[in-house]
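Trainee: So the protein sequences, as listed, match chains V and B.
Residues in the first sequence are numbered from 0 upward in steps of one, following numbering that gives the first Met the number 0.
Residues in the second sequence are numbered from 0 upward in steps of one, following numbering that gives the first Met the number 0.
Everything labelled a hint here was simulated from the structure, so no lab data went into it.
Note that the coordinates shown come from a computational prediction; the quantities given were computed from them, not determined experimentally.
Check each hint, because a few of them may be wrong.
[Claimed, not checked] Straight-line distance between alpha carbons at most 27 Å, and here's what the computed DSSO-like set of lysine-lysine pairs gives:
id, chain 1, residue 1, chain 2, residue 2
1, V, K297, V, K84
2, V, K250, B, K220
3, B, K132, B, K220
4, V, K19, V, K250
5, V, K84, B, K220
[To be verified] Among chain V residues calculated to face chain B with C-beta under 8 Å, some are:
id, residue
6, T25
7, L53
8, T54
9, S57
10, Y172
11, I176
12, I235
13, I236
Cβ atoms here follow ideal geometry from the backbone N, Cα and C, with glycine treated the same way.
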Amino acid sequence: MAATATAQPAAARRGLSRRKLAEHLTGWLFAGPWVLGLMTLFVGPMLWSIYLSLTAYSMSGSPTFVGLGNYVEMLGDPRIFQSLKVTTVFALMSVPLNLVVGLGLAILLNQKIRAIAVWRTIYYLPAVISGVGVALLWQWLLNGRFGLLNYALYTFFGINGPNWLSDQGTALYAFVIISLWTVGGSMLVNLSALQGVPTQLYEAASIDGANGWQRVRYITVPTISPVIFYNLIVGIIAALQSFTFFYILTKGGPNNATLTYMLYLYQTAFESTRMGYGSAMAWLLFVYLGLLTLVIFKFSSRWVHYEAPKQ
Amino acid sequence: MRARRLAARTLAYVLLLVGAVLVSAPFYWLLRSSLLTEGDNFIWPPILIPNPPVWRNYVEIWQVPFIPLPLFFRNSVVLVVAALIGELIATSMAGYAFGRLRWWGRDVMFALLVATMFLPAQVTIIPLFLLFKQLGWLNTLLPLIVPSWLGHALYIFLMRQFVMTIPPDLDDAARIDGCGTFRIYWNIIVPLSAPALATIAIFSFQTKWNQFFEPLIYINKTEVLPLAVGVRMFQSAALLPGGGVSGNVSWSHLLAATVVMVLPILVVFFAAQRAFIQGIVISGVKG
């Protein structure tokens with residue numbers, strides 16, 4: 000950095016801009032791996048997927064352009080409608096149930112309970128395992144003749160439980176039960192939000208004569224509504240993409256009663272190797288999810304209250 | 000008033016207790032069934048306490064000739080460790096770039112990052128499969144590891160939020176002492192972000208250990224399968240009439256293998272419970 004007196008201003012200016020340039024470059028360098036990932040694992044594949052959805056492609060040879068053929072075919076495909084129905088019904092049952100139970104548990108745990116960490120752990124544990132382990136465990140619990148669920152139903156209520164997973168009428172409910180068992184995640188998020196609700200609000204309400212239900216309805220729910228909203232969105236997206244439990248437990252049966260959309264997509268693309276049709280299916284789900292999210296966002300302003308950001 | 004509060008508190012405890020029993024019973028049943036002989040699992044009314052526990056189920060699962068469980072386990076460990084290292088490096092670097100550095104296009108890229116968090120990924124499944132096929136990566140662990148080295152939007156977001164809470168004075172002081180951007184990243188940001196990195200590590204471990212869809216489509220070769228997919232071979236074997244191909248895989252074995260599969264997650268959870276729960280809370284409340 001030894002510069003003569005006369006060259007100094009120019010060098011300083013050049014140095015400054017060089018330093019600026021270096022700073023920009025460093026930024027891009029540090030974000031580099033992610034940017035590369037964005038291009039190769041996200042943007043590129045998405046564009047490719049749009050193209051593939053306009054082709055017929057079975058991985059032998061090259062894709063044949065069929066225009067909107069796949070989309071037209073979907074309109075007449077009964078399994079598309081069946082799988083959309085199954086997935087939607089599953090989401091409609093499991094998501095609200097999980098929201099209510101997740102909130103209820105969080106409210107219970109927020110009642111100045113002793114040993115809260117222990118309770119929290121117990122309720123959260125199923126969500127920790129998640130995935131394949133949960134599926135295999137429940138396959139055994141739901142066994143029609145020797146499963147724990149039917150044993151409990153028989154012992155406590157004298158009910159002869161169904162053959163949950165192989166009965167067309169109950170199979171989908173079985174998955175709702177499983178999803179409810181892993182409610183711990185949303186409970187945890189709710190609980191931490193509840194712990195941020197100022198206690199003065201509750202005290203003031205009590206003095207005004209509000210009962211327990213009113214306190215939940217008019218204080219708890221509005222105050223943590225952004226968190227409930229978050230759980231709703233995440234829950235719906237996850238439910239509409241359900242795959243693992245269904246693949247391991249029923250593969251869509253009996254009689255397509257548990258054929259989720261992702262299961263059908265998997266079968267189409269990777270078992271029947273119809274990559275073009277599969278891509279079109281992916282885009283249909285994408286649009287469906289997008290529309291649902293949009294509708295929920297639109298209606299959210301009626302019940303989701305955002306406070307001015309704290310601090 | 001007092002009496003009512005007491006009643007409410009008691010009710011809360013009763014509800015919690017009933018719920019806790021309901022939630023925990025499946026765990027007990029899993030353990031119990033994995034410690035029974037095949038025959039004893041199919042007795043009505045069920046045996047509630049294995050007496051004596053059949054520990055050999057846990058030995059036998061490692062020795063089934065046509066199910067290489069030790070290999071599955073090894074594959075999962077390799078996959079998780081390799082992916083974890085990459086994810087930590089890539090996300091902490093990007094988190095630093097977004098949270099601290101100033102560069103052209105940063106805000107646009109950040110908006111893209113957030114967008115990818117909310118865009119469901121199902122549209123990329125097929126092209127990615129074709130891409131990895133083209134690269135000759137099918138039937139290897141590479142398609143499960145390499146993407147982790149390119150970061151993960153949610154974790155980068157978490158990391159950015161964390162980096163923004165680190166006082167910039169520290170960077171300035173280091174810069175005056177002659178530290179470059181990389182040394183600031185490595186000597187200041189990374190050590191101070193330990194809590195966020197721990198959370199990311201645990202999430203990443205849990206996700207990768209359980210990852211099912213991707214290995215299912217990318218790997219078709221028994222010796223390469225990770226545990227989450229491989230363990231299903233016990234399922235198919237146990238479900239066959241007569242209890243498996245060579246007649247020696249039973250439900251007891253399947254459930255013992257399930258215990259083996261979930262045990263590492265439980266161990267990590269109990270070892271790092273605080274970081275774990277903190278992570279759920281941060282990503283849930285602020286996400």
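Trainee: None of the hints should be skipped; say for each whether it holds.
Mentor: Verification of the hints:
1. A distance of roughly 23 Å separates the Cα atoms of V/K297 and V/K84; the hinted pair therefore holds under the 27 Å criterion.
2. Distance restraint check for V/K250 and B/K220: the Cα-Cα separation of roughly 21 Å lies within the 27 Å cut-off, and the hinted pair is therefore satisfied.
3. Distance hint between B/K132 and B/K220 is fulfilled; the C-alpha atoms sit about 14 Å from each other, no more than 27 Å.
4. The suggested pairing of V/K19 with V/K250 is violated, with an alpha-carbon distance near 57 Å, which exceeds 27 Å.
5. Distance check on the hinted pair: V/K84 and B/K220 sit about 34 Å apart at the alpha-carbon level, beyond 27 Å; violated.
6. A least Cβ separation of about 5 Å between V/T25 and chain B falls short of the 8 Å threshold, and the interface hint therefore holds.
7. Hint status for V/L53 relative to chain B: violated, with the closest Cβ pair at about 13 Å, above 8 Å.
8. Annotation: interface hint on V/T54 violated; nearest CB of chain B at approximately 11 Å, more than 8 Å.
9. Hint status for V/S57: violated, given a least beta-carbon distance of 12 Å to chain B, over 8 Å.
10. Restraint check, V/Y172 versus chain B: the minimum CB separation of about 16 Å is more than 8 Å; hint violated.
11. Using the Cβ-Cβ criterion of 8 Å, the hint placing V/I176 at the interface with chain B is not satisfied: the shortest such distance is roughly 11 Å.
12. The criterion of a C-beta within 8 Å of any C-beta in chain B is not met by V/I235, whose closest approach is roughly 10 Å, and the hint is violated.
13. With 8 Å as the threshold, the beta carbon of V/I236 comes within range of chain B, its nearest partner Cβ sitting at about 6 Å, so the hint holds.
The earlier numbered hints that this structure contradicts are 4, 5, 7, 8, 9, 10, 11, 12.
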